[in-house]
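Enquirer: Here is what each chain is made of, one letter per residue.
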Amino acid sequence: MTIPSLAGEPARILNSDGTLAESPEHGVTPGEVDLTALYRNLVLARRLDTEAIALQRQGELGLWPSLRGQEAAQVGAAHALAEQDMVFPTYREHGVALCRGIAPEALFGVFRGTTLGGWDSRAARFHLYTLVIGAQTLHAVGYAMGVVRDGAVGNGDPSRDTAVLAFLGDGALSEGETNEAFVWAAAQELPVVFFCQNNQWAISAPYTTQSRVPAAQRAAGFGFPGVRVDGNDVLACFAATRDALNRARTGGGPTLIEAVTYRVNAHTTADDAGRYRDDEETRRWAALDPIERLHAHLRSTEALDHVEREADAFAERLRVACRALPEPDPDGSFLHTYAEPDAELARQLDDYRGGAA
Amino acid sequence: MTVSMVRALNDGLRRALETDPSVLLIGEDIGRLGGVFRVTDGLRKDFGADRVMDSPLGEAGIVGTAVGLALRGYRPVCEIQFDGFTFPAVNQIVTQLAKMRHRSGGALALPVVVRMPYGGGIGSIEHHSESPETYFAHTAGLKVVTCATPHDAYWMIQAAIRSEDPTVFLEPKRRYWVKGEVDERDDLPLEKARVVRDGTDLTLIGYGPSVATCLTVADQCAERGRSVEVVDLRSLSPLDSDTLVGSVRRTGRAVIVHEASLSHGVGAEVAARVQDGAFYLLEAPVARVTGYDTPYPPSRLEQTWLPGVQRVLAAVDRTFSH
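Keeping their order, the protein sequence lines are chains F and A. Positions in the first sequence are counted from 1; adding 105 to them yields the working numbering. Positions in the second sequence are counted from 1; adding 496 to them yields the working numbering.
For reference, chain F alone in the conformation it holds in the complex (with noise of 0.2 Å):
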């Protein structure tokens, strides 16, 4: 069965082939963001992902999601953030992080053991990962319900009022949690943009198996704007996500932008992409890459070859810190779990050293 508004063109500024659009839906003046800056998040996030996979082959990563292909809807969205605006994110926004300062081995410490969290993620205004599908949505439209009660809203200052961008994939839309969190941001008219990539993939479940129509058809019927974008013109999400931001920063309420892109990996390194798909899909989407799409926009300049030098010399600093990780604290689990551990988690903790003693 075809479903035909599944076929519809979403919304670029880009080209495929580098070319820029005629009379895009969501423009971008000349001189608003640095495309240089965009093509080096974009060409360091796909190195952190390649160096990432590498270590995890090598035994000094348990398990890695690979954002290889969402590159352009991670950074194009990233860039558009202003610095008191708050992320939460899935468990693949390696491209946001690296945006928001996180250090690429913080990532690596959730995959290689060390940590369950990682960075500051106060100071970042990154969240820490959510493993669990959708869950972190809603804690986003709770922290926006906090930004509207703190006067973070509508002051017409753009350094002062706040949005709230939560970070979904194409699985999330079909959990409860995540329909909760699209009517409680729509009831209360939330600073919150819902940024979902839709890679196409939830493991082995086509989007076909979440929905019968397109993602961000879905938020007329909760009562808020949809957008469709391609995930692979990182300035049409740069310019996408600018706007939602924009609308939710100055009290308009929430969007859904749903970044049509594709996951060119597997689930994680654990999955084995073979079973259920097959190569002449992949490869028909690794054509559409987001990368080279701007670089044949910018052309090969001197810029863009230092880039690549960065690119290098970044992968074998990443190789060093991930390997130089600190084991994590033996007792950290005993005292973390409360404020303070009562009587018999302190025994057990008396318990537990001496039985690694």
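Possibly wrong hints are sitting among the right ones.
[Unchecked claim] Some, not all, of what chain A presents toward chain F, calculated at C-beta under 8 Å:
1) Asp550
2) Pro552
3) Gly554
4) Gly601
5) Thr635
6) Ala636
7) Pro685
8) Gly748
[Unchecked claim] In silico SDA-like links for lysine to any residue, alpha-carbon gap of 20 Å or less:
9) A:Lys675 - A:Val499
10) A:Lys688 - F:Arg452
11) A:Lys595 - F:Pro435
12) A:Lys595 - F:Phe439
13) A:Lys595 - F:Ile238
14) A:Lys595 - F:Glu445
By construction, these hints were calculated from the structure, which means they are not laboratory data. Glycine is no exception: its CB is placed at the ideal position from the N, C-alpha and C atoms.
Dock chain A against chain F, hints included.
Expert: Leaving out everything else, chain A in the frame of chain F:
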């Protein structure tokens, strides 16, 4: 001041709202209606709809947004309307609320209170009489507390709101309308059990709705010349081993009473702690008088299903005759 437990909770919430501007109440029908049990009656009028918030009808949403509000610096107090409607929120409570401090290595505290009426005895329909405490008490990272009197209701709800740990606050709904004295002084930390009746021959251990049952049994035992001590656990997690084991070490006999089902329940943990701490001083095995290992029955049967005075007395007799 002699008030009902509902009034004591209302006063406690009011005081928390007055003293800390970061305290917010969220729940279904808690605003205009004042909650189905009227625990939040009048609070919306006095503190405004943005501090006493009528939520959409979604329990996961109530707790999930409370997590986000806490990350923004607020101290949300959630109301789950009935014990049996907790379960849609359990994902947020167990995977997020309970684990955030641990996940963040102690950096992120979530001072969220999840209030809910619990227990049976009010002749209600399915899902309105349950005792889900064990699910939460078994979850590391949560505090689980319950009040048995208006005095504890008033002080414990305020202490729970002040706590830096997420706290499940269980309110025994059939005690909601029973009046009692509220002292002007908070006399016990949230985590401590209370010896509510001194005795020498046997310790009856209860919490929430079963404390009143234990006291009635203690009265009847006194008439028969048996001196029974009654311990109100108040906190199910953490469990105040010192107080409950200390009592059994003095009396040598223990009977625990709760409405929740028997197997794997709070009583099992209490029995384990008692045998560990008072093994050589025990005169008899620790007895448990509880709800049965079935779902809660139709209400016409609840009085025989619940651990009532006669069943507790029978367990006390067995313990003495061991």
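Enquirer: For every hint, state whether the structure bears it out.
Expert: Hint check:
For A:Asp550, the suggested interface contact is broken, since its CB lies about 10 Å from the closest CB of chain F, more than 8 Å. Because the beta carbon of A:Pro552 sits about 5 Å from the nearest beta carbon in chain F, less than 8 Å, this interface hint is met. Because the beta carbon of A:Gly554 sits about 4 Å from the nearest beta carbon in chain F, less than 8 Å, this interface hint is met. Taking 8 Å as the C-beta cut-off, the interface hint given for A:Gly601 holds, the closest approach to chain F being about 6 Å.
Because the beta carbon of A:Thr635 sits about 10 Å from the nearest beta carbon in chain F, more than 8 Å, this interface hint is broken. Hint status for A:Ala636 relative to chain F: holds, with the closest Cβ pair at about 5 Å, below 8 Å. With a cut of 8 Å, the hint placing A:Pro685 at the interface with chain F is violated, because the nearest CB-to-CB distance is about 11 Å. For A:Gly748, the suggested interface contact is broken, since its CB lies about 23 Å from the closest CB of chain F, more than 8 Å.
The hinted pair formed by A:Lys675 and A:Val499 meets the criterion: a straight-line CA distance of about 5 Å does not exceed 20 Å. As the CA atoms of A:Lys688 and F:Arg452 are separated by approximately 17 Å, the hinted pair is consistent with the 20 Å bound. The suggested pairing of A:Lys595 with F:Pro435 holds, with an alpha-carbon distance near 17 Å, which does not exceed 20 Å. For a cut-off of 20 Å, the pair hint linking A:Lys595 to F:Phe439 stands: about 12 Å separates their Cα positions.
Between A:Lys595 and F:Ile238 the CA atoms are separated by roughly 16 Å; this keeps the pair inside 20 Å, and the hint holds. Between A:Lys595 and F:Glu445, the direct Cα distance comes to roughly 15 Å. Compliance with the 20 Å bound is thereby established for this hinted pair.
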